[in-house]
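Protein chains: 2
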Amino acid sequence: MLADVARALAPHTGRAHVVGLTGAPGVGKSTTTSVLVTALRAGGRRVGVLAVDPSSPFTGGALLGDRVRMQEHATDSGVFIRSMATRGHLGGLAAAAPQAVRVLDAAGCDVVLIETVGVGQSEVEVAGLADTTVVLLAPGMGDAIQAAKAGILEIGHVYCVNKADRDGADVTARELRTMLAIGRNVEGEGAPRWRPPILKTVASRAEGTNQLLAEIDGHRDYLIEHHELQGRRRLRARAEIEALIVASVRANLSRGDASQQMGRLAAEVVSGDTDPYTAAATFTPHP
Amino acid sequence: MLADVARALAPHTGRAHVVGLTGAPGVGKSTTTSVLVTALRAGGRRVGVLAVDPSSPFTGGALLGDRVRMQEHATDSGVFIRSMATRGHLGGLAAAAPQAVRVLDAAGCDVVLIETVGVGQSEVEVAGLADTTVVLLAPGMGDAIQAAKAGILEIGHVYCVNKADRDGADVTARELRTMLAIGRNVEGEGAPRWRPPILKTVASRAEGTNQLLAEIDGHRDYLIEHHELQGRRRLRARAEIEALIVASVRANLSRGDASQQMGRLAAEVVSGDTDPYTAAATFTPHP
Chain A
1 MLADVARALA
11 PHTGRAHVVG
21 LTGAPGVGKS
31 TTTSVLVTAL
41 RAGGRRVGVL
51 AVDPSSPFTG
61 GALLGDRVRM
71 QEHATDSGVF
81 IRSMATRGHL
91 GGLAAAAPQA
101 VRVLDAAGCD
111 VVLIETVGVG
121 QSEVEVAGLA
131 DTTVVLLAPG
141 MGDAIQAAKA
151 GILEIGHVYC
161 VNKADRDGAD
171 VTARELRTML
181 AIGRNVEGEG
191 APRWRPPILK
201 TVASRAEGTN
211 QLLAEIDGHR
221 DYLIEHHELQ
231 GRRRLRARAE
241 IEALIVASVR
251 ANLSRGDASQ
261 QMGRLAAEVV
271 SGDTDPYTAA
281 ATFTPHP
Chain B
1 MLADVARALA
11 PHTGRAHVVG
21 LTGAPGVGKS
31 TTTSVLVTAL
41 RAGGRRVGVL
51 AVDPSSPFTG
61 GALLGDRVRM
71 QEHATDSGVF
81 IRSMATRGHL
91 GGLAAAAPQA
101 VRVLDAAGCD
111 VVLIETVGVG
121 QSEVEVAGLA
131 DTTVVLLAPG
141 MGDAIQAAKA
151 GILEIGHVYC
161 VNKADRDGAD
171 VTARELRTML
181 AIGRNVEGEG
191 APRWRPPILK
201 TVASRAEGTN
211 QLLAEIDGHR
221 DYLIEHHELQ
231 GRRRLRARAE
241 IEALIVASVR
251 ANLSRGDASQ
261 QMGRLAAEVV
271 SGDTDPYTAA
281 ATFTPHP
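Chains as they are written, first to last, in this note's numbering: chain A, 1 to 287; chain B, 1 to 287.
Since the hints were made in silico from the structure, they are not lab data.
Don't take every hint at face value.
So the derived label-pair ranges between C-beta atoms look like this [claimed, not checked]:
#1 A/Arg205 x B/Gly256: 30 to 40 Å
#2 A/Val5 x B/Asp76: 24 to 34 Å
#3 B/Arg15 x A/Gly218: 56 to 66 Å
Once the Cα atoms are required to be at most 25 Å apart in a straight line, the calculated SDA-like pairs of lysine to any residue come out as [stated by the list, open to error]:
#4 B/Lys200 x B/Ala8
#5 B/Lys200 x A/Gly140
#6 A/Lys200 x A/Asp165
#7 A/Lys200 x B/Lys200
#8 A/Lys200 x A/Val171
Don't be surprised by glycine CBs; every beta carbon is placed ideally from N, CA and C.
With the rest of the complex left out, here is chain A (with noise of 0.2 Å):
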């Protein structure tokens, strides 16, 4: 099923500009979404919003306060609200997401924006799926060495300290200008050609909210007068096709014989009779 609509869907994707949203939790990643919703509609642009949450029994009541805050979206023609949650899809967000994109971007969006709940590799995975990846933080939320920590200061080409009436959003920014410096010093490769910009934001009072749409479409920009869309998409192409094919094994391995083999063989590994390594390759998928 999943796989006829995407052959249906294949010759009328490719168009829309994808951007992902990513930072740690309470940084204002859905206050964010909906400013920029609102300016990319201002501009007349249509607009999809992937909202990816990595799902959780716990969550059901606590997310809608996020989905609120979409509310004033959700009567417009021109905007496309698809919540997902990943527990359950096959290949979890790794296969989903992009579906769910390509559905927003054959349907006309000329913007779709990937925003996830919470934090996780969810986080770093979504930005694998965006041509844009635009990472937020928030003074006081974990500083600049937490997010590189977290793996963030690789991912980013748009930042953005958010809640930046807080204090301490001059000494975010600082921090964070600094370790994207050493970044591009320990790659070793020279000044990279994309230099990610650093910007303020009050995203509760859409403050700074078209500077930041101005650097998104900057980036795309970029990316199309160097020839580097095609080239990043064709990686994500290639993740995609993988995701599925390890979820078809996974899959295999969870049923009859296969299933029954690998319980067998994690029974001989916890008695000490055997260890991992030698059952993985002892493994026969047809036995």
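Could you slot chain B onto chain A? The hints should help.
Using the frame of chain A, we list chain B on its own:
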């Protein structure tokens, strides 16, 4: 090589109590690990510490600060410290960390503490490695609702509000209690047999450490009494075998003919000539 070591270690493993420490950046995981080591050593137990770093070229310097906290234990012959970066390991953390745990286990550690630096999927993976998972929170570092979003309310056996000398510790503990109660209701199985305790600690002053250790030990005793330890470990071994099988599939996809075929399929997806599902289904490992 890895496989040879794993085979040799297999008969000597299974004795250590494996404890994972998880939580957002800045909650005090490193400090808590360090004071737990001190408390375990005071009780005469041998301790292994596995510090997992979702590695980034940016973190080289930043992490040193954390490791400094462990230096007081560096000359103690009853403490084994192993830092590992996940990048570049076959199968990532899911394959590399269990092997490191086995080494510490076989070396005679009574307790192995697994601490991750930063956030991400690795946190949840580490929980999958542990017999007992301690979830750390801190006041003002993202409240209990943020913790729910991050998915960490499902994985804890012991909850710990660290930095409890700060404002808001009681609020965080109360919210956490509420969220955990909601979670139990959502599960719909009535009260689970193990009710995760919620502690308050100030790790930087070693306040509450003994109680934390008592709860960790209590959970181990519970697992043994209720015959749940072996079942958990079998699930873990199975996940590890699966991760190794998947890693081998991924490695094959990046080699030779298979890699060229993947590149062609990805280009066809980007041009709209096919879709990822069809591409995955048509991929043939040995063309």
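For a C-alpha distance cap of 25 Å, please report whether lysine 200 of chain A and aspartate 165 of chain A respect it.
With a Cα-Cα distance of about 9 Å, the restraint between lysine 200 of chain A and aspartate 165 of chain A holds, given a limit of 25 Å.
Given the range 24 to 34 Å, decide if the beta-carbon distance of valine 5 of chain A to aspartate 76 of chain B lies inside it.
Since the Cβ atoms of valine 5 of chain A and aspartate 76 of chain B sit about 60 Å apart, the hinted range of 24 to 34 Å is violated.
Kindly confirm whether 30 to 40 Å is satisfied by the beta carbon distance between arginine 205 of chain A and glycine 256 of chain B.
This hint is violated: roughly 56 Å between Cβ atoms.
Take a look at whether the Cβ-Cβ distance between arginine 15 of chain B and glycine 218 of chain A falls inside 56 to 66 Å.
At roughly 58 Å between Cβ atoms, glycine 218 of chain A and arginine 15 of chain B fall inside 56 to 66 Å, so the hint holds.
Would the hint linking lysine 200 of chain A and valine 171 of chain A be met if the CA-CA limit is 25 Å?
holds, 12 Å
Lysine 200 of chain A paired with lysine 200 of chain B [C-alpha distance capped at 25 Å]
Measuring from Cα to Cα gives roughly 35 Å; hence the hint is violated.
Straight-line alpha-carbon gap lysine 200 of chain B to glycine 140 of chain A, limit 25 Å:
At roughly 22 Å apart (the allowed maximum being 25 Å), glycine 140 of chain A and lysine 200 of chain B satisfy the hint.
Assess, step by step, whether the Cα of lysine 200 of chain B is no farther than 25 Å from the Cα of alanine 8 of chain B, and give holds or violated.
Judged against 25 Å, a Cα distance of about 42 Å means the pair is violated.
The structure is inconsistent with the numbered hints 1, 2, 4 and 7, although it conforms to all the rest.
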